[in-house]
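Q: Sequence:
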Amino acid sequence: MCFSFAASINASLSLAVIGGATVYKAARNDPRMLGFAVFPLVFAIHQAVEAVVWRSVAHPFPGDEIFRYLYTGIAFLVWPVLTPFAAAYAETDPFRRRLWTQMLYVGEALALYLFIKLALADGIDLTVYEHALAYDPGFERPPLLAHFLYVALTVVPLVCFNNRALRLFGVLVFLSFIYALANNRPAWYSLWCMSAAVFSFILAFAIKESAKSSVDQKVRA
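Residue 222 is where the sequence shown ends in this note's numbering, and the numbering goes up by one at each step.
For the record, the hints were derived by calculation from the structure and aren't laboratory data. A few of these clues could be false.
[Unchecked claim] Cβ pair distances, simulated, as ranges:
1) G124 with R165: 41 to 47 Å
2) R33 with G124: 23 to 29 Å
3) A147 with D126: 16 to 22 Å
4) D126 with P32: 41 to 47 Å
[To be verified] Below, in silico cross-link-like pairs of lysine to any residue (SDA-like), each with a Cα-Cα straight-line distance of 25 Å or less:
5) K118 with G74
6) K118 with V79
7) K26 with F202
8) K118 with R186
9) K118 with D94
10) K26 with D94
11) K26 with A205
12) K26 with A166
13) K26 with H60
14) K118 with V156
15) K118 with R99
16) K118 with Y106
No residue lacks a Cβ here, since even glycine has one placed at the ideal position from N, Cα and C.
I would like the entire structure built from these sequences, with the hints used as guidance.
A: Here it is in structure tokens:
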């Protein structure tokens, strides 16, 4: 898989269109799914930021490191919070809602921990490794538990949510994580985020399915 400035720009524009349509569909048909509906828009912003980072590789400019921090910040801080939040907001089962809410608290704690690590980092080194960007924050690597929590918080609410399209998206996100680690470990989260962004179009089907399920439940009632 080969990434570049053009690939990130094209992905960002496509995701912005998909995200706008997905948010509109959720707002109109199933507002409880709005948390998931914004995923493509967040991915669009993320890819736009990485496009700037790609540009800075060939044409460095003053302050370009800010975009490395911004890209890493979105990857590290947003997803472990947004994913369980979206699940808790959309969930109708009381037990599962409590579970996602507890995971949200864990995600907030993890995001705070990673924010402090980033704030105290001695810069973020950047290299191009096998056609992808490898970000290397200048801090001591977090313990294995932090890595496990990050993956669990960003995957479990998806694969365990009672929605087939969301479960499919979650499985693809997890498989792309394994692929990224196995094939390009130095640039794993750049590769993982791009792959997840590409798969996020599935969320439009999740909202359609959820809206239909809501109607079916009302009819049965």
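Q: The structure should be examined with respect to each hint, and the outcome stated for every one.
A: Status of each hint after checking the structure:
no.: 1; hint: G124 with R165: 41 to 47 Å; result: 44 Å, holds
no.: 2; hint: R33 with G124: 23 to 29 Å; result: 41 Å, violated
no.: 3; hint: A147 with D126: 16 to 22 Å; result: 20 Å, holds
no.: 4; hint: D126 with P32: 41 to 47 Å; result: 43 Å, holds
no.: 5; hint: K118 with G74; result: 11 Å, holds
no.: 6; hint: K118 with V79; result: 15 Å, holds
no.: 7; hint: K26 with F202; result: 13 Å, holds
no.: 8; hint: K118 with R186; result: 21 Å, holds
no.: 9; hint: K118 with D94; result: 36 Å, violated
no.: 10; hint: K26 with D94; result: 23 Å, holds
no.: 11; hint: K26 with A205; result: 8 Å, holds
no.: 12; hint: K26 with A166; result: 15 Å, holds
no.: 13; hint: K26 with H60; result: 39 Å, violated
no.: 14; hint: K118 with V156; result: 23 Å, holds
no.: 15; hint: K118 with R99; result: 29 Å, violated
no.: 16; hint: K118 with Y106; result: 19 Å, holds
When held up to the earlier numbered hints, the structure conflicts with 2, 9, 13, 15 and fits the remainder.
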